[in-house]
Structures are given as C-alpha cells and as structure tokens.
Amino acid sequence: MEEEYKQYEERLRSHDHLLHEALKLRESLQPPMPDGLEDDIMRRIAPKRRRVFWLYPAAAVAAAVIVGVLMLSNIFDKSESTVNNVASVTTVKTNNVAIHKKKVTAKPTQIELADNQLIRQTPNSQGKSRQYKSMAKVSPRKVMIHNTRQENSKTDTHIPVTAESPHRETFHTTSKPADFETMFIETAPDNNVLAANRDRMTAEMIINTSY
Amino acid sequence: MEAGETEIINRIIGGERELFRHLVRLYDGMVFSLAFEVCGDEDIACDITQEAFIRAYNHLADYDTKKGRFSTWLYAIAYNLAKMYLRRRRQQPLTLPMGDEIVGNIDDDAVDEFFKDEADAQEEKITRLAEAVDKLPPDDRLILTLFYRDDLSLAQIAEVMGARAGTIATRLSRIRKRPYKFMQE
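Those sequence lines, one after another, are chains A and B. Each residue of the first sequence is one higher than the one before, counting from 0 in numbering that gives the first Met the number 0. Each residue of the second sequence is one higher than the one before, counting from 0 in numbering that gives the first Met the number 0.
Fair warning: there could be bad hints in the mix.
Taking lysine-lysine and the DSBU-like style, the derived pairs with C-alpha atoms no more than 35 Å apart in a straight line are [to be verified]:
{"id": "1", "chain 1": "B", "residue 1": "Lys82", "chain 2": "A", "residue 2": "Lys47"}
{"id": "2", "chain 1": "B", "residue 1": "Lys124", "chain 2": "B", "residue 2": "Lys66"}
{"id": "3", "chain 1": "B", "residue 1": "Lys180", "chain 2": "A", "residue 2": "Lys23"}
{"id": "4", "chain 1": "A", "residue 1": "Lys23", "chain 2": "B", "residue 2": "Lys82"}
{"id": "5", "chain 1": "B", "residue 1": "Lys180", "chain 2": "A", "residue 2": "Lys47"}
{"id": "6", "chain 1": "B", "residue 1": "Lys180", "chain 2": "B", "residue 2": "Lys124"}
{"id": "7", "chain 1": "B", "residue 1": "Lys66", "chain 2": "A", "residue 2": "Lys23"}
{"id": "8", "chain 1": "A", "residue 1": "Lys47", "chain 2": "B", "residue 2": "Lys66"}
{"id": "9", "chain 1": "A", "residue 1": "Lys23", "chain 2": "B", "residue 2": "Lys65"}
{"id": "10", "chain 1": "A", "residue 1": "Lys5", "chain 2": "B", "residue 2": "Lys66"}
{"id": "11", "chain 1": "B", "residue 1": "Lys134", "chain 2": "B", "residue 2": "Lys66"}
{"id": "12", "chain 1": "B", "residue 1": "Lys124", "chain 2": "A", "residue 2": "Lys47"}
{"id": "13", "chain 1": "A", "residue 1": "Lys5", "chain 2": "B", "residue 2": "Lys82"}
{"id": "14", "chain 1": "B", "residue 1": "Lys82", "chain 2": "B", "residue 2": "Lys124"}
{"id": "15", "chain 1": "A", "residue 1": "Lys23", "chain 2": "B", "residue 2": "Lys134"}
{"id": "16", "chain 1": "A", "residue 1": "Lys5", "chain 2": "B", "residue 2": "Lys65"}
{"id": "17", "chain 1": "A", "residue 1": "Lys47", "chain 2": "B", "residue 2": "Lys134"}
{"id": "18", "chain 1": "B", "residue 1": "Lys180", "chain 2": "A", "residue 2": "Lys5"}
{"id": "19", "chain 1": "B", "residue 1": "Lys65", "chain 2": "A", "residue 2": "Lys47"}
{"id": "20", "chain 1": "B", "residue 1": "Lys124", "chain 2": "B", "residue 2": "Lys134"}
Simulated from the structure, these hints should not be mistaken for lab results.
The whole structure should be built from the sequences, with the hints applied where relevant.
In structure tokens, the structure reads:
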C-alpha cells in the first residue's frame, strides 16, 4: 500500500506542473510572516519572573511600622479615655424608664447613662461580650463606680446633667473587666429634675479601664 | 527526522530553552502559512503560530521522536488550533459550488493532461488557477499546499489532519478536479 501511495505521489508531483505554479503564485501573494514573531514566542515560553524576595522583608518592615503606629495611637487614645469598642446598642422602654443595653465586644469602655441610673455589668454566658443594664435611680449630681471585688475602686464625681444638655463624663478605673463581679454606677437623687424630665435626660459616661 | 533535531529537542527538554529558537526559525514560516491557509486571516494566523509553538514547547516531552517528524507533529498542533478557531467562528468559507457528484464525472486523464501543460503555462492561466484554489474549502486548500508546496507525503498529511493516508489520497484526487472544472467553465 505504501508503495502505491508513493507511486501516486510521484505521478501527481511530476504531472501537476500548473497546479504547482498556481500554488507558488498563491504563496507569493500571501502576507509575509510578521516580524518579531520569533521573539514573541521565545518571550512567552520564558519562565515567569520569580517574585522579588527583597520585597518580603520590606513588606514586613512596613507592616511592623503600621502596627507600631497603631499601637502608639491606641496608647494615646487610652490616655485620653476615648477607647470605644461598643458593638451594638439597644434601647427598651418600660414604664417610662429607659433601659439601655450595650454589648461590648472587648473591654468595657463606654457606658451611657439614662436618667441617672445605676448601671450593672453582667458578663454573659460566653464571657466574651458584656451587657450593661441600667436601672432607674438617684441623682444627676453624684456618680460612684463600685467594683464588688475591689474595695477601693470607688470613684465619685459629679455629672452636671440637665434636661437640655446631656453631658459626657469620663471615669477611670484600674480594674480589668475580668475582675468585675459587679460593677455599678450610682448617682444621688435629684427628684425635681427627674420628675420633670425623666425621658429627656441622658448622661453619657465613659469608663476607661486603664489597666 | 534528523538526528540533529532529535538532539536539539532532547536538550530543550533538558532545560536549554534558548535552543527552541532554532526550531522556531526552521518552522515558523510553514506553520504561519498553514494557519493562514486554514483561517485566511493574517492576525489570527499569527496568533495560531505563536500558540502552536508554545503548546509544542510545553508538551515537548510528550513528543515521540520515533513516531514521526517534529514538523509533522507541530503542523498537527497548528492545524487543530486553526480548526478550533474556525469552529468557534462557525465560519462558512466561500467555496467552489461543486459537489463530489459533479467532479466525480470528470475524467482523471483530462485533469492530468491539463495540469501537465508546461508549454502553455501562461501567467493568466496560472493566476486563474490560483483563484480557483483560493475558492476551495480550507482543508482542501491545505491538502494541496502541504502536498505540492511543502512536499509532505500523503501519510504525513494524514498525520497532520488526523486522517488515513487512503482518505487523503482519495480527497486529493477529487480536489484536483475542482480547479480543473473551474478553469473549463
């Protein structure tokens, strides 16, 4: 069979002069192969450039600098008692007394007082988030922080709460959140103000746990 | 297959990548021509040529030197890429309106005699014949080109196109009749 094919091939090639010429003519009319094709191919089969390893230490240094700056800024923030990691706030009103609940994902850093109330910290079952429950009581003039595990943790100050202008006050305590069995904030009564403006008075209190 | 080419291929597989340039220089023209023959577009032919060489390089270890020439293997890659391109475009090429039932009645000897005509090979006749070849379907054009211009054997063309040598021989016989018929009209 192969021999037959060979004979057939030879016969066609020797006979088909015109066809051969026509194909040569077609070839001459074909567009030339573009320049640079060879280089393009060689470039495309070249191995991919390896990653520049000197970038890794540079990136590590940059990351360290960023972390350092963030840590420093955190320290300064703490000194100014503005750390705030409150995750969510819900407000429920019952019998004309506002109860504010706050969930804090980490340290208890901010508590909002409504109507000059006692605030109690109760760690939840997971121990990760903490809930602050406010209860109606006492005065807008005097505030004390109690920690039942630490005798000397009481702090007292005055919050000049008025109906018209809610006030923000910052307290400091050296207690870690884990040390709190119960932390509560107590204020002395001012019935005149409370009676008239119970729903409108809000004192925001920031407790900075600077341990 | 030349011994030198086998050695070059083995060295490329061994890591001497730059030697592949030698193979590119040897065959890029023919691969480009093949791709252009099938798809009829210069830019696409250029892309196919590049892709064919890159695939050949990436699968060079799969190439069996005992099975056939490197060029045939490379053309087969290029041909498949070009066919894939045509399938994607669903391109219907302009072809001579002559089915096998028409060319089947043409006498082989007359065709032989016509193409043998060396003395009367006027430029106009050759030009017209080239036009007729242009109107053939891409695969038919490719068979003629590979056979007459690139001197590939029927077996090699069969290998490129994934067919049997006998099929290519039969097809070649019919393909020759189409431009002949065109010239007679």
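Do the hints match the structure? See the list:
1. With a C-alpha separation of about 29 Å, the suggested pair B/Lys82 and A/Lys47 falls inside the 35 Å cut-off, and the hint holds.
2. About 41 Å separates the Cα atoms of B/Lys124 and B/Lys66, which puts this hinted pair outside 35 Å; it is violated.
3. With a CA separation close to 20 Å, the supplied pair B/Lys180 and A/Lys23 stays within the 35 Å bound.
4. Of the pairs offered as hints, the one joining A/Lys23 and B/Lys82 holds, with about 24 Å between alpha carbons and a cut-off of 35 Å not exceeded.
5. Of the supplied pair hints, the one linking B/Lys180 and A/Lys47 is violated, its CA atoms being roughly 54 Å apart against a limit of 35 Å.
6. Using a Cα cut-off of 35 Å, the hinted pair B/Lys180 and B/Lys124 holds, with the two alpha carbons roughly 13 Å apart.
7. With a C-alpha separation of about 30 Å, the suggested pairing of B/Lys66 with A/Lys23 holds against the 35 Å cut-off.
8. For the given pair, A/Lys47 sits about 32 Å from B/Lys66 by alpha-carbon distance, which is consistent with the 35 Å threshold.
9. For the given pair, A/Lys23 sits about 32 Å from B/Lys65 by alpha-carbon distance, which is consistent with the 35 Å threshold.
10. Annotation: proposed proximity of A/Lys5 to B/Lys66 holds, straight-line Cα distance about 19 Å (limit 35 Å).
11. At most 35 Å may separate the alpha-carbon atoms for a hinted pair to count; B/Lys134 and B/Lys66 meet this at roughly 34 Å.
12. For the proposed pair B/Lys124 and A/Lys47, the alpha carbon gap of about 53 Å is over 35 Å, so the pair is violated.
13. This hinted pair checks out: A/Lys5 and B/Lys82 have alpha carbons roughly 28 Å apart, not beyond 35 Å.
14. Taking the CA atoms of B/Lys82 and B/Lys124, the gap is near 31 Å; set against the 35 Å cutoff, the hint holds.
15. About 16 Å separates the Cα atoms of A/Lys23 and B/Lys134, which keeps this hinted pair within 35 Å; it holds.
16. Taking the CA atoms of A/Lys5 and B/Lys65, the gap is near 21 Å; set against the 35 Å cutoff, the hint holds.
17. Only pairs whose Cα atoms come within 35 Å are accepted, and A/Lys47 paired with B/Lys134 is rejected, the gap being roughly 43 Å.
18. Between B/Lys180 and A/Lys5, the direct Cα distance comes to roughly 26 Å. Compliance with the 35 Å bound is thereby established for this hinted pair.
19. A threshold of 35 Å between alpha carbons decides the hint, and for B/Lys65 with A/Lys47 the separation of about 32 Å falls inside it, so the pair holds.
20. Distance check on the hinted pair: B/Lys124 and B/Lys134 sit about 16 Å apart at the alpha-carbon level, within 35 Å; holds.
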